Amino acid sequence: MSDALALSDVAKAGFIDLRRGRETAEALGHLTGCDVSVVLAVLGVAAEPDVAGSTLFEMFSADPELAVRCGSDRAWFEATVRVIGASRGLGEFLTRHPERIDGLRTPRTDFDSPEEMTRRLLASVGADSEGIAARDGDAATDALRCEYRAIVCEIAAFDLGAEDATTVLDRVARALADAAGAAIEASLAVARATLVAQGVARADVSNVALAVIGMGKCGARELNYVSDVDVIYVAETRSEDALSTEAALTHATKLTQLLARGIYEPGREPGLWEVDANLRPEGKAGALVRTLDSHLAYYERWAKNWEFQALLKARAIAGDPDLGRRYVEGVAPQVWTSASREGFVDQVQRMRERVTDHIPANEVDFQIKLGPGGLRDVEFTVQLLQLVHGLHDPRVRLRGTIESLTALGEAGYVGRDEAATFADSYRLLRVLEHRLQLRNLRRTHLMPTGDEDVRVLARAAGFDVASVDLTDLWRSTKVQVRALHERLFYRPLLAAAAALPEEGLNLTTEQAQARLAAIGFNDPKGALAHITALTSGVARRSTIQRAILPVLLQWLAAGADPDFGLLAFRRLSEALGESHWYLKMLRDSQAAAERLMKVLSGSRYVSDLLERLPEATAWLDGDEELEPRDADSLRVEIDALLARHDTQESAVAAIRTLRRREVLRLAIAGIVGVGDIATLATGLTDLSRAVLAGFVGAAMRDAAHNPEFAIVAMGRFGGGELVFGSDLDVMFVYRATETCSGAQAQARAEEIVASLLSSAEDPVLALEIDMDLRPEGKQGVRVRSLDSYEQYYDRWGATWESQALLRATVVVGDEPLTRDMTTLIDAVRYPESVSAEAVRDIRRMKARVEGERLPQGADPTRHLKLGRGSLSDVEWTAQLMQLRYGHDIPGLRTTSTLSALAACAEAGIMTAADVDRLRDAWLLASRVRAAGTLWNNRLSDVLPTDRSALEGLARLLGMPPGNASQLEENYLGTTRRARAVFERVFFDDDARPSVAPTD
Amino acid sequence: MDKQQDFVLRTIEERGVKFVRLWFTDVVGTLKSVAVAPAEVEGAFAEGVGFDGSAIEGLTRSFEADVLAHPDPSTFQILPWRGDVDPAARMFCDITTPDGQPAQADPRNVLKRTLAKAADKGFTFYTHPEIEFYLLNNSDWRNGGGRPIDQAGYFDNVPGGKGHDFRRRAVRMLEDLGISVEYSHHEAGPGQNEIDLRYADALTTADNIMTMRTVIKEVALELDNYATFMPKPFADHPGSGMHTHLSLFEGDTNAFYEAGGKYQLSKTGRSFIAGLMAHAPEITAITNQYVNSYKRLWGGDEAPSFVTWGHNNRSALIRVPLYKPSKSQSCRVEYRAIDSAANPYLAFAVMLAAGLKGIDEGYELAPEAEDNVWELTDVERRSLGYKPLPSSLDHAISLMEDSELVAETLGEKVFDYVLLNKRREWREYRSQVTPFELERNLDIL
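Heads up: the protein sequence lines correspond to chains A and B, in order.
Taken in order, the first sequence gives residues 1 to 999; the numbers are from our numbering.
Taken in order, the second sequence gives residues 1 to 445; the numbers are from our numbering.
Pulled out of the complex, with its shape left as it was, chain A reads as follows (with noise of 0.2 Å):
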């Protein structure tokens, strides 16, 4: 024995607080009779020597005997330190039964077959030929429970002494899983004794056929070190004259609940884990126990999907194995059909949901388990490629994740050699996974944070903590795995696209027609015929293509219409060809990529456009260029245009290109997120003032004379409120000059209308230009002179027209006519009073046209413009207040609806709830008008019934997927809240909650 043992020594062998190390190797090498250098080494394979050394010294202390034995087998030493030193719980179950040690003198090449465990257990508790105990209470669960923690104990033996952990990976969750199933079958044996003991007849209990089936990763032979076991209970009668069906399921739901007890319940050897019948039919409320028949009767009629998912991992774990078989048999052939059934697209994307969601978000940067890059991943890939194939192949019939991933390899339905990498990624992470977990024996699944923690952990693993940065090598298996999707998932499909075997894989047309099928696309056959045409070829652009495709494909199939999204990408793909920009935005820019996806699948009206100016693409790769353009801006560059292009012809044209860029522009914006409903209304509002500009001034600058000339907004274009496809409401002015005046001025301002209103024709964007609120509605001249507005509006001004040009602003025209015509319109919007007669006439006129202007046939609960509580009840509420205290209320001054609402509320006139109430109709109303031209690039004023329209405008505006129904009720019901405000506060005068302060 050495004396002095350097304290450099202690540290080497791993231990954290030298001195106590040195004193414990000390003390063990006296109680063992060991070197304390031989101590020291083998403690040294611990992944905690401090912690095994310490148990050591205080088990050993109380069996000398046990020291001296176990310290002169180097092998049965090394072994029990590294249980102890990678486990406290195992730790503790070993002081509390130091004679379990025994259990690791033979070093093991192997585990016991399940039968082996089983029986071992079954002694245990001393189970006779009929599975019956000889013991029962807690002298038999605690035997049970003991013998359970030896068998695994033995496993983390053999484990922790692996060279490479992950090569015994399969087997150790295979025996663990086993060891799981043998102690349910001993308990099973002791809750057949207590039915006994407590007065049951032995033969009854004998007649009990009763199997447990397991489930989840137990059924799978996957298990962990701490998990709940998942089962499913079914029983029947031996003997239907011995004992009814009905009795045997009373008898059989006592055994079930007994046997849970009996592996979980606090005793003196505490619980094992939790054995969860939670997946039975019909869950927590369903019969603890049914009959195979019912089982089979309630998988036909009403199982959910997922159930079937769940039955995938079935497998007979424990009772009558017959039975057992029959169960298992009898329900493959619906979890192998579940692929062909109604609603698998939608299934499969909560199955996706289930894989990101749901993590706090504490714990994102720390989870082996969940989120992108974790176990469930591999696991979600996995089982959905089962399900897509195992349709029609039973090769991929498999419960467990790696033989169910390494089967998908040898069928060619994945590359063979991914299907390796990725198995082994699994094993990485579930090697942890086990590590974690046995350290406390808690279920855990997060990745620790703290030095020393991801030192043992590195340790237990069996890493060399100085070369190996544990962090490190988990971070960049994640970032493995979770392009694990898009390699397994879609790749596949390119290679079946073109025909061409890449790698062993040999996926055919219809098997990757059944893969797009899953994931949402409605006519496959054709997705097909365009992944052929964007990836087959030599040319650069193809090889690019091959290369994103896959990850590309993933993202349209989030859309909301794939189908549509995969064809705009084919031919916008084909009108770019091989500028250099394009392909290297799609290979090197993931967001840009991603964004062009959504705007496809999600918008026809973007789609189409995009066709016109491909170049715009370019603008997704950052949100700088997808900013709207100032007025300012824009006002330069068309001056610019005017002066750069001499004809009328082709300086319109320039505009016309202008406007169609700016206008796809700002829906890109809209679609992608970066500009809210006020930005888009600004810029659309900008734009059209601009382009509208720039159509006057090509028109006035070939005469030599013109009069002055202006143009009023109305509607939402005067109250800055435009949409996509809004029309543009006008009404046009001129005052004659020195030099053009009389006749032939208003001659002259005829003609620049009429060009201006040609030059809007654009054929590709329409750009509809109305002018039916001018004074005489259709009836009336097209412009007229200041002096014939003012006489008119004098004389003739109908009480519409003054809440006409409540929106009214000027928009284009000289400085000194603009004022003059706003001055003008003050007057007649704002006036000092409004007779009762007037307000009488507004309300009646309202009346006649919710009767009048719908169309025929058209639900005015859906009429987004003249229906129930939509558009005109908010604004014609808004304008009857406006008309009636505007002049005393400056904040009601305003062409705009929500600022004049916001005014009402401020002034009192108005509640506060009431103005909610109607703001988020006339939002929402709003929205979905834009969304409707977003979606299939028509206007419609009428929130469409089609699903899948519906589904579209959902997504444009924002929900998330599967959220069609949910618009409709939300439109319905925010859109009836306004109508009883609008009835309320429109049609009745003593509802105001008070009268118009006086200013």
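By construction, these hints were calculated from the structure, which means they are not laboratory data.
Don't take each hint at face value.
[As the list claims (entries may be wrong)] Think about it this way: if two alpha-carbon atoms lie no more than 16 Å apart in a straight line, the pair counts; the simulated EDC-like pairs of lysine to aspartate or glutamate are:
#1 K3(B) <-> D293(A)
#2 K284(A) <-> D120(B)
#3 K267(B) <-> E361(B)
#4 K846(A) <-> D988(A)
#5 K3(B) <-> D393(A)
#6 K284(A) <-> E250(B)
#7 K112(B) <-> D94(B)
#8 K121(B) <-> D371(B)
#9 K584(A) <-> E594(A)
Quantities reported herein were computed from a predicted structural model and do not represent experimental measurements.
The hints should help you fit chain B onto chain A, whose structure is shown.
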């Protein structure tokens, strides 16, 4: 094709079924039936049976007329009343739009949605209805018909009475259809009967009520009688209510039960009652949907006209019944306003929603009513805070119109439709000149 469907097709063959009725319910609560030939059943399973939904009350609007009925093979039953001469069978259907979405206006879907909301909170909703109805000689009241078949009273056993025979046959037929009957007995009015359906989850109960109404009418016809579920067919006799016992379960435990609570009521139970009471006036247009319903609600006797609760108070709207001690499972509350002509799917949905609202918001339960509410004066009732239920359909409609709870529960489309339909009924009723007016006024005015 799955086994259940195979079973249906095989049975049709073996039993020589001549036609199959596909059943569903419209918004008003009328059972609708489309008959198909056996040869069409296979196609119906695969693709559904298309029909013009605009012909059905409230199912669709005219421009989205096409809907599909998908028969549910698990509800297949041979109909017992056609005998063996021309065997017929029935299946309940789910109604979907052509793209496979559940039709929003399918009342069954309304209840399913509400049950799903309860399930999200861990509750299962059970109901147990006591359905009253009158047996009449026939329905032709203009020509001396519409008279009760006997003059007996509550629990009377009428020797050799037709009613006796009737109840025996009806109960047997219901059991043939797989519907368990708890009690059947003679009620207070002449010719009035009551049949109680066994406790079951609300969806099953609602299905069973629809089947039961048809069975009762069929059996009555077989005996040359007529059965009516009209809420108040006789001014002088009690109306036909459908007192319904309600309870919520969390897994296997009754959420209303708490040992040691007053009347063994848990906090959940108390809040549920408070919710029902707070929202009772606004859901009345659903639980009592006809003009005639209000003649029963305000017809005196034991009709629950005021929003009160009590333990053994037969004048209260909500009763917490006596139950056998130690039977925690049977703890429940009885809602007494609902009548036999309600659409059970919608009525159960709004009652559940009202109770859940009480639980969610933690409503406090008002003190129980211990006196006979009817014997109090208006001022006394006001001082005790006993609010009245709506006094007419018109009143009920205007309360429902303002109800977010009802709108949210029914869904906007059904909500709209019910209002439209009920306003029309009220308008048509108001335009009547009744014998009452003629008798009172014609002579003297």
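Hint numbers the structure violates, sorted upward? 5 and 8
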